[in-house]
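Chemist: Chain by chain, the residues:
2 protein chains.
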Amino acid sequence: MKLSREKLAYIAGFLDGDGSIYVKLKPNSTYRYRFQVSPAIVFFQSQKEKDHLEWLRKIIRKGYLRQRNDGVVEYIIGDMKSIKELLQNLLPYLKLKKIQAQLMLEIIERKKQVKSPKEFIKLAEKIDLFQKINYSKKRIQNSIVVKKVLEKEGLLAP
Amino acid sequence: MKLSREKLAYIAGFLDGDGSIYVKLKPNSTYRYRFQVSPAIVFFQSQKEKDHLEWLRKIIRKGYLRQRNDGVVEYIIGDMKSIKELLQNLLPYLKLKKIQAQLMLEIIERKKQVKSPKEFIKLAEKIDLFQKINYSKKRIQNSIVVKKVLEKEGLLAP
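From first to last, the protein sequence lines stand for chains W and L. Going from the first sequence to this note's numbering is simple: count from 1 and add 21. Going from the second sequence to this note's numbering is simple: count from 1 and add 21.
Treat the hints as calculated values from the structure; they're not laboratory data. Quantities reported herein were computed from a predicted structural model and do not represent experimental measurements. Check before you lean on any hint, since a few could be wrong.
You can't tell identical chains apart in this list, so a pair holds if it fits in one copy or across any two.
Claimed, not checked - Only pairs whose alpha carbons sit at most 30 Å apart, straight line, appear in this in silico BS3-like list of lysine-lysine: (1) K159 with K69; (2) K173 with K47; (3) K153 with K132; (4) K147 with K132; (5) K143 with K69; (6) K143 with K28; (7) K173 with K69; (8) K153 with K69; (9) K169 with K83; (10) K69 with K147.
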């Protein structure tokens, strides 16, 4: 990623103001641990500011634009390699979303090392923590759901 | 204003994502042309992100924080000198709100030169244009209201 420091600082400011960093656990029976870890960095704008998101995508050179039915345009970066590279570059400039960025990098790193259902539950707990930071008032308990599913499927001792 | 290029780029990105640049005409009979030109740069955050706005205010060293009743915290820069200085510094880095920033600087400059009711109406037309950029669908006509008031008060020939 060859972006100037000013460009990186601008993107960090824009992400702090307008963007979102999140990670979801999606149920998917074809996955080894029955859930897909689905991280994303998303920027939102109204239709009339679509050009701005196109410009961002062009300089970041990752991700894609999606037109929602409600008129909002999303610029989504959803693959782990791109997210990791972008966040590592933005980290020195991020303020509001620095904690999310650090935790996301930790989750991406930890995911690579998961070798057992137990370790996957530890990962799910990190994701709980992540979601708690994003939605301060909600009680998040992905990890408990994951545990139950893995127990039910006989992948984990109750 | 002694801010590094990275800081300015960050602030520009944050303003593009989260902030607002606007100018209002407020009826005020104590003013020469019966309206006060009231410009502002505002950043909005929820209560839990108040620290971030405090940090911004500390580095920009202008404006003040205001706690709204609905839980939103506003960081407002409302005096023309500060607005002018900040926007001149941000201009090279702004993207989405560059047009608003340029037009705001033009309005601030033009306001100094107003010497007659007619010139004030020209200024009000610039403000119409500004508001049209911010709220694309609304029909804005400050200048027509200003004209009527100035005519009614005998400051301008009908």
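Chemist: Is the C-alpha distance from K153 to K69 at most 30 Å within one copy, between copies, in both cases, or in neither?
Modeler: Result: close only across copies, 13 Å inter versus 32 Å intra.
Chemist: With 30 Å as the alpha-carbon cut-off, assign the pair K143 and K28 to within, between, both or neither.
Modeler: neither (36 Å within a copy, 37 Å between copies)
Chemist: Using 30 Å as the alpha-carbon threshold, which applies to K159 and K69: within, between, both, or neither?
Modeler: between (33 Å within a copy, 15 Å between copies)
Chemist: How do K147 and K132 come out at 30 Å by Cα distance, when the copy is not named: within, between, both, or neither?
Modeler: Within one copy, since 10 Å is at most 30 Å while 55 Å is not.
Chemist: Treating 30 Å as the Cα threshold, decide for K173 and K47: within, between, both or neither.
Modeler: within (17 Å within a copy, 66 Å between copies)
Chemist: Evaluate K173 and K69 at a C-alpha cut-off of 30 Å and name the case that applies: within, between, both or neither.
Modeler: neither (49 Å within a copy, 39 Å between copies)
Chemist: Cα distance capped at 30 Å. Does K143 pair with K69 within a copy, between copies, both, or neither?
Modeler: Answer is between: at 28 Å across copies they meet the 30 Å cutoff, but 42 Å inside does not.
Chemist: When no copy is specified for K153 and K132, does a C-alpha distance of 30 Å or less occur within a copy, between copies, both, or neither?
Modeler: within (19 Å within a copy, 49 Å between copies)
Chemist: Given a CA cutoff of 30 Å, do K169 and K83 count as a within-copy pair, a between-copy pair, both, or neither?
Modeler: neither (36 Å within a copy, 54 Å between copies)
Chemist: Given a CA cutoff of 30 Å, do K69 and K147 count as a within-copy pair, a between-copy pair, both, or neither?
Modeler: So K69 and K147 pass the 30 Å test across copies only (22 Å; inside, 37 Å).
In summary, the numbered hints that this structure violates are 6, 7 and 9.
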